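Visitor: Knowing the structure of chain A, use the given hints to seat chain B with the ligands on it.
Going down the list, the sequences are from chains A and B.
Going by this note's numbering, the first sequence opens with residue 105, and the numbers climb by one from there.
Going by this note's numbering, the second sequence opens with residue 19, and the numbers climb by one from there.
None of these hints come from the bench; they were simulated from the model.
Do not take every clue at face value.
Said to hold, decoys possible - Quick partial rundown of chain B residues pointing at chain A, CB under 10 Å, derived from the structure:
1) Leu134
2) Ser196
3) Ile200
4) Thr201
5) Ala233
6) Met234
7) Leu237
8) Val269
9) Phe272
10) Gly274
11) Val278
12) Ser342
13) Val397
Claimed, not checked - Mimicking EDC-like on lysine to aspartate or glutamate, the simulated pairs with C-alpha atoms at most 20 Å apart in a straight line are:
14) A/Lys148 - A/Glu231
15) A/Lys110 - B/Glu541
16) A/Lys171 - A/Glu231
17) A/Lys251 - A/Glu204
18) A/Lys265 - A/Glu149
19) A/Lys111 - B/Glu541
Said to hold, decoys possible - Chain A is nowhere near these chain B residues, computed Cβ spacing over 10 Å in every case:
20) Gly40
21) Ala77
22) Ile231
23) Val391
Model, not experiment: these values are computed from the prediction.
Virtual Cβ for every residue (Gly too), placed ideally from N, Cα, C.
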Amino acid sequence: MNLDDKKSVLSATNNRLAWKLSLIVLAGLLFAFAIAPLYDLLCKELGLNGRADSTMTASDKHMKIDKTRWVTVIFTGNTMPGLAWSFSPAQTSLRVHPGEITLTSYMAKNNGADSELGVAVPSVTPELAALYFKKIECFCFKQQTLKSGESKKMPVLFYVKPDLPADVNTVTLNYAFYNGVTSLGQAALTQAGETPIKVN
Amino acid sequence: MSTTTATHHDDHAHDSHGHPTGLMRWVKSTNHKDIGTMYLWFSFAMFLFAGAMAMGIRAELFQPGLQFVQPETFNQLTTLHGLIMIFGAIMPAFVGFANWQVPLMIGAPDMAFPRLNNMSFWLLIPAAILLIASIFVPGGAVAGGWTMYPPLSVQGGMSVDMSVFALHILGVSSIVGSINIITTIFNMRAPGMTLMKMPMFVWTWLITAYLLIAAMPVLAGALTMLITDRHFGTHFFNAAGGGDPVLFQHVFWFFGHPEVYIMILPAFGILSTIIPTFARKPLFGYASMVYATAAIAVLSFVVWAHHMFTTGMPVAGQLFFMYSTMLISVPTGVKVFNWLATMWKGSMTFETPMLFSIAVVFLFTIGGFSGLVCAILPVDIQLQDTYYVVAHFHYVLFSGAAMAIMGGVYYWLPKWTGHMYDEKLGKWHFWLTTIAFNVTFFPMHFTGLAGMPRRIPDYSQQFAEFNMISSLGAFALGLSQLLFLYVVIKCIRGGEKATNQVWEGAHGLEWTVASPAPFHTFETPPQVK
Ligand code: HEM
Ligand SMILES: [Cu+2]
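If we strip away everything but chain A, and leave its shape as in the complex, we get (with noise of 0.2 Å):
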């Protein structure tokens, strides 16, 4: 064989494995992009970030209330720029017994000049209490609307299902009160399950 003969299979075995190389390079940024919606999966069916399905499970309507036990339930919110309302908890902590449906709300005040829809998303930590945190009744399921200097009541019904780990002592649920007309509100609005209402 030629030097020239030999160049030419070396270039062209080159070629072949640096195009099976580049399977690997595919394969990473497939990966990559595919982390989202196993991350989501994941979260949602192991009860992480205070991402687990939050409202009345069947099975709960039968369930006893544990009256041996307490559990400390805090209450935190927040309003996120771009919404000019003060929004705050009407108790900052309710002492509840597992299985017991219990009533609290939040205050909120529209501050600005127009009238405003936002929307508020939930959380709950200890990320493994979010699985055994439950809402019967809540104003984060809907986009709520505030004329200016309007003030609301926000009620929220909620327990803590009996088999709440007994580790856990307390609770915290806060929410983030968004924009509902950006883009993000709209999204945080599908996100729990609502159809965005149409602004007029």
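Guide: Chain B with the ligands in isolation, oriented as in the chain A frame:
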């Protein structure tokens, strides 16, 4: 075999006849040695630039209170310092070594894809320009840390876009460069050089290149999601839209931890080359070195969340990442053991490259131990985002990667230039660097343990003494690198003529060619026994 050197027909025939000169020699170069040289100079320029930023950081931290820069500027300094050192200084320096040494060490005439090689280098320039230019756009450079966590990176100004674009370009450059290196190593070894006869430096680069092609696309993915969140209304990292900023951290560190090994494995390769030379003994446990390198590479993909112990992971996850991280120090320990065993009862001499290598073994091990401390979950919850972490990663990155690079430069400089460097000045550079480095970074262990947070321009009075010591050390460390520049230039310009073998104890193909290495080498493959 009818190989003749008189008529070299190349794929890149246009530059293989004669010796191109002038600027075009460099712009169009497809020669691995020229490209290696350009990588090394680029890296050195970036090293000085990002080093100057570090001087700014340390000047501000010299005393508590705000003296020289505002907090916004300070944050830009720390962010760009990190980004440029990692992607502009350390990584290109290793690619420079790969370009120069891999073909010489395996007896190949050049890299497998010389034109792609040229492209990989020239991509660095627009990326560097973008990063540096981002300082001057409205809002200033990126300031949210080199890790670019959202929400800051989603909210930041146009410098975020410029930096992300720069990183995309650098990613393409690294990936193409790595494919080139892997192909060269697999297909172009001289007859007789089996995989298990390859020099350790070639092995470490082979494995590093695999890490690069697997990890860089993941970074590209994370950055792309960042860009679509910023401009196209997606909500990957936006809690309000059902996304999660913590997701970014997972994707980033899935890249990020392999990345730290990308920056240390070639350094291990350099140490494994220098230490046997000056101990005048073959490398102890060659095979175990190869397996340890591979084990580190594989494990590096399953430890990422040790950077996220305080993000609120389930305990099971935290424990998994704690133990897997500790596991990685086993193969690392094997390597340190082998270097020590190589020196054991060797007839050692202490030329500058050897001094650097011994210092790296010693100081890198300190960095490994502080890493282990960080890996302990309950301890790291205290240490996360304190100066202790800063101390850890400078012990592995400066006194690991950067000082190994310096040692490597001294080691191969005679082969590259044909002259011996000034040994006396080299030793001065070594001692100044090593002492100043420790004066700068050792106190950070203490300030970190005492709770001083990182990335803060001002601090509480109680940290004042240690910070002043750190700053003084840092200025000395910065100045010492100018001496390095001087020694290198002096060596290029002249000096005692280097022999082909250069070092008495040096073995391997690169020492069989003339010094300086001719423009074309191994056009006829050497035979390895
Ligand atoms: C025995 C080996 C090692 C162990 C056990 C280890 C462990 C760790 C841990 C647990 C952290 C997170 C600390 C925190 O943020 O609270 C960390 C951070 C870091 N490590 Fe290591 N490490 C090791 C080796 C290395 C090496 C070889 C490098 C690079 C060459 C490196 C570079 C870094 C960097 C850059 C960070 C900080 C990243 C940042 O937050 O900006 N480490 N290491
Ligand atoms: Cu890591």
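Visitor: Could you work out which of the previously given hints the structure breaks and list their numbers from low to high?
Guide: Of the numbered hints given earlier, those the structure breaks are 10, 11, 12, 13, 16, 17 and 22, listed in rising order.
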